[in-house]
Amino acid sequence: MPFARFIGFSIVRAWQGFWRNAMMSLAATATVILMLVLLSGLFIVIAGLNSGLEFIESKVAVTAQLVDDLPVADRMQLVSEVEAFPQVASVAYVSPAEAMERLRASYREAGQELDTGGATIRLFASLEINLVDPNAAGDVGEFLASHDDVARVLTKQAEYDTLLGIINVIRTVGLVGIGLVGLTVLFMIINTIRIAVYSRAGEIEIMRLVGASDSFIRWPFILEGVLCGLIGALVTIVLVAIVWDPIQPAMVTIFQMPTAVSARFLTTLSMILLGAGLGVGALGSWISVRSYLSAAR
Amino acid sequence: MTSLLRRRARTDSAEASVIRMVDVGMTYPNGKVALADVSVEIPAGDFVFLVGPSGAGKSTFIRLLIREQIPTAGSVRVAGRELVRMRRRHVPGLRRRIGIVFQDFRLLPNKTVWENVAFALDVTGAPGTLVRQRVPQLLSLVGLQDHAHHLPTQLSGGEQQRTAIGRALVHDPAILIADEPTGNLDPVTSWEIIQLLIQINQLGTTVLMATHNQEIVNAMRRRVLALEGGHLVRDEAAAAYEREY
Numbered sequence: 605m606p607f608a609r610f611i612g613f614s615i616v617r618a619w620q621g622f623w624r625n626a627m628m629s630l631a632a633t634a635t636v637i638l639m640l641v642l643l644s645g646l647f648i649v650i651a652g653l654n655s656g657l658e659f660i661e662s663k664v665a666v667t668a669q670l671v672d673d674l675p676v677a678d679r680m681q682l683v684s685e686v687e688a689f690p691q692v693a694s695v696a697y698v699s700p701a702e703a704m705e706r707l708r709a710s711y712r713e714a715g716q717e718l719d720t721g722g723a724t725i726r727l728f729a730s731l732e733i734n735l736v737d738p739n740a741a742g743d744v745g746e747f748l749a750s751h752d753d754v755a756r757v758l759t760k761q762a763e764y765d766t767l768l769g770i771i772n773v774i775r776t777v778g779l780v781g782i783g784l785v786g787l788t789v790l791f792m793i794i795n796t797i798r799i800a801v802y803s804r805a806g807e808i809e810i811m812r813l814v815g816a817s818d819s820f821i822r823w824p825f826i827l828e829g830v831l832c833g834l835i836g837a838l839v840t841i842v843l844v845a846i847v848w849d850p851i852q853p854a855m856v857t858i859f860q861m862p863t864a865v866s867a868r869f870l871t872t873l874s875m876i877l878l879g880a881g882l883g884v885g886a887l888g889s890w891i892s893v894r895s896y897l898s899a900a901r
Numbered sequence: 015m016t017s018l019l020r021r022r023a024r025t026d027s028a029e030a031s032v033i034r035m036v037d038v039g040m041t042y043p044n045g046k047v048a049l050a051d052v053s054v055e056i057p058a059g060d061f062v063f064l065v066g067p068s069g070a071g072k073s074t075f076i077r078l079l080i081r082e083q084i085p086t087a088g089s090v091r092v093a094g095r096e097l098v099r100m101r102r103r104h105v106p107g108l109r110r111r112i113g114i115v116f117q118d119f120r121l122l123p124n125k126t127v128w129e130n131v132a133f134a135l136d137v138t139g140a141p142g143t144l145v146r147q148r149v150p151q152l153l154s155l156v157g158l159q160d161h162a163h164h165l166p167t168q169l170s171g172g173e174q175q176r177t178a179i180g181r182a183l184v185h186d187p188a189i190l191i192a193d194e195p196t197g198n199l200d201p202v203t204s205w206e207i208i209q210l211l212i213q214i215n216q217l218g219t220t221v222l223m224a225t226h227n228q229e230i231v232n233a234m235r236r237r238v239l240a241l242e243g244g245h246l247v248r249d250e251a252a253a254a255y256e257r258e259y
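So the sequence lines, in the order shown, correspond to chains A and B.
Per my numbering, residue 605 is the first one in the first sequence, and the count goes up by one each step.
Per my numbering, residue 15 is the first one in the second sequence, and the count goes up by one each step.
I should point out that these hints are in silico values taken from the structure, not numbers from a laboratory.
Glycine residues also receive a C-beta, built at the ideal position from the N, C-alpha and C atoms.
Don't take every hint at face value.
Far from chain B, by Cβ distances over 12 angstroms, these chain A residues were calculated [as the list claims (entries may be wrong)]:
id	residue
1	F607
2	V671
3	E685
4	A688
5	A755
6	Y764
7	G783
8	E809
9	A816
10	I851
11	I876
Keeping only pairs whose Cα atoms sit at most 20 angstroms apart, straight-line, the calculated EDC-like set for lysine to aspartate or glutamate is [to be verified]:
id	chain 1	residue 1	chain 2	residue 2
12	B	K125	A	E809
13	A	K760	A	E732
14	B	K46	B	E242
15	A	K760	A	D737
16	B	K125	A	D737
17	B	K125	B	D160
Please put together the full structure from these sequences, using the hints given.
Written as structure tokens, this is what we have:
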């Protein structure tokens, strides 16, 4: 019960403090919103690109075209050697006839018919290898390239590396940008709470004289900063929810991202926004209270 | 009301002195000696004047009692608590055993009389039922029951000081420290405040009043502690104001 009174007291005082110094509080909240909007954008783009990465990973990682007329026994031998790699998930043999059928299918998909002009085309037989760890494509690829039974090795490594590079650049630039905005937000909140502490100097002195404990003096200010973060996070969540409907189909088509449509994605994003908002608010006000509200004498 | 204050007076009677200073010294980091070798014992229920010229150490004396400062020598005991080794988290508990009023009242200008008194209870986590019970009792004790909803700016100086006294008594303290309580008041109002302090003292609360008001000290004939240059130069019962100014 005393704890409930403490919580109630602190929340009421924080709320009063927020509105007493409304201009500063709202400015701090606006910077929180700016930071969280940037964070949402980064989260959505990174999630999309990651999903694209998974899409590539899910495709055949390494294709080894076999030399013509490889005896079955040699082929079996090769398959078992490849399967011996711990990073290899599965190995599938694609016969020339099967390869031909795939080629025809892909033409049909494009609305055309494969016309060989009566000639007999013989495609390579190949092994399609799926990997547990896509980064191991290099090792497996090298082994196959040096193998006498293999004519040519194709990997998705280049494609994978390019996308990974893009993701890393976006993630780094985004995080640095958000970090800088985050510092500005922190500074705004520290300043807002500093002003709140100074404007209540008289009250604080009286609180100390009548025997208010440190927590009764400090927590209302900390909660005032948390309130800036909370309001900022809630506003951003509403904004994201509003623009979500138009961007969601784009996410699916651009990034091949089936997870984008699930409600879980939005929930996760909301939780991240809430956590970031509350975190920056609490950190800023905590720093301010530590720096500007001298320890009770 | 009366019973509330008296009940507290009995609980404190276990320890005879409310304030006990032994060989107290206070030297500031810049080398200034504010107090030296001060030993004082104030029994429960006493009414004591603290006199002395400006800079004699009265303010330091009071700051040591409410543990705003820690002495550089000696020991200070207030309401049964040893202050020198007291942990910081126990300071709020001590402050609830001490009521304090100042020359400049220190009321919150945007709160009414009622709210100013209730504030002292709210910030210490008192339940609403206690606030609603205690505040009217105190307002009636200090004679402000009809001014409960006035702001400090709508009150006279005497009424503001009464509000401050009501607030100081909110936790039913063992001792009331009044630092120049009549310094900003005209003679008639000053006497009204003194009458109120006497009444509070008669209800069992120890009163320590720092003052320059010669007329009041002479008329009251109470115990006088006189400080000069940081030394306790006089500690006399039923005394008058002498050469202190």
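Here is how each hint holds up against the structure:
1. F607: violated (9 angstroms)
2. V671: Its Cβ never comes within 12 angstroms of chain B, the nearest being 82 angstroms, so this holds.
3. E685: Its Cβ never comes within 12 angstroms of chain B, the nearest being 72 angstroms, so this holds.
4. A688: holds (67 angstroms)
5. A755: Nearest chain B Cβ is 80 angstroms from A/A755, so the label holds.
6. Y764: Holds: least Cβ distance 58 angstroms, greater than 12 angstroms.
7. G783: holds (36 angstroms)
8. E809: At roughly 7 angstroms from the nearest Cβ of chain B, A/E809 sits no farther out than 12 angstroms, so the non-interface label is violated.
9. A816: violated (4 angstroms)
10. I851: holds (48 angstroms)
11. I876: holds (35 angstroms)
12. B/K125 - A/E809: Roughly 15 angstroms between the alpha carbons, so the hint for B/K125 and A/E809 holds.
13. A/K760 - A/E732: holds (12 angstroms)
14. B/K46 - B/E242: Roughly 14 angstroms separates the two Cα atoms, so the pair holds.
15. A/K760 - A/D737: Holds, at roughly 13 angstroms.
16. B/K125 - A/D737: Judged against 20 angstroms, a Cα distance of about 68 angstroms means the pair is violated.
17. B/K125 - B/D160: holds (16 angstroms)
The earlier numbered hints that this structure contradicts are 1, 8, 9 and 16.
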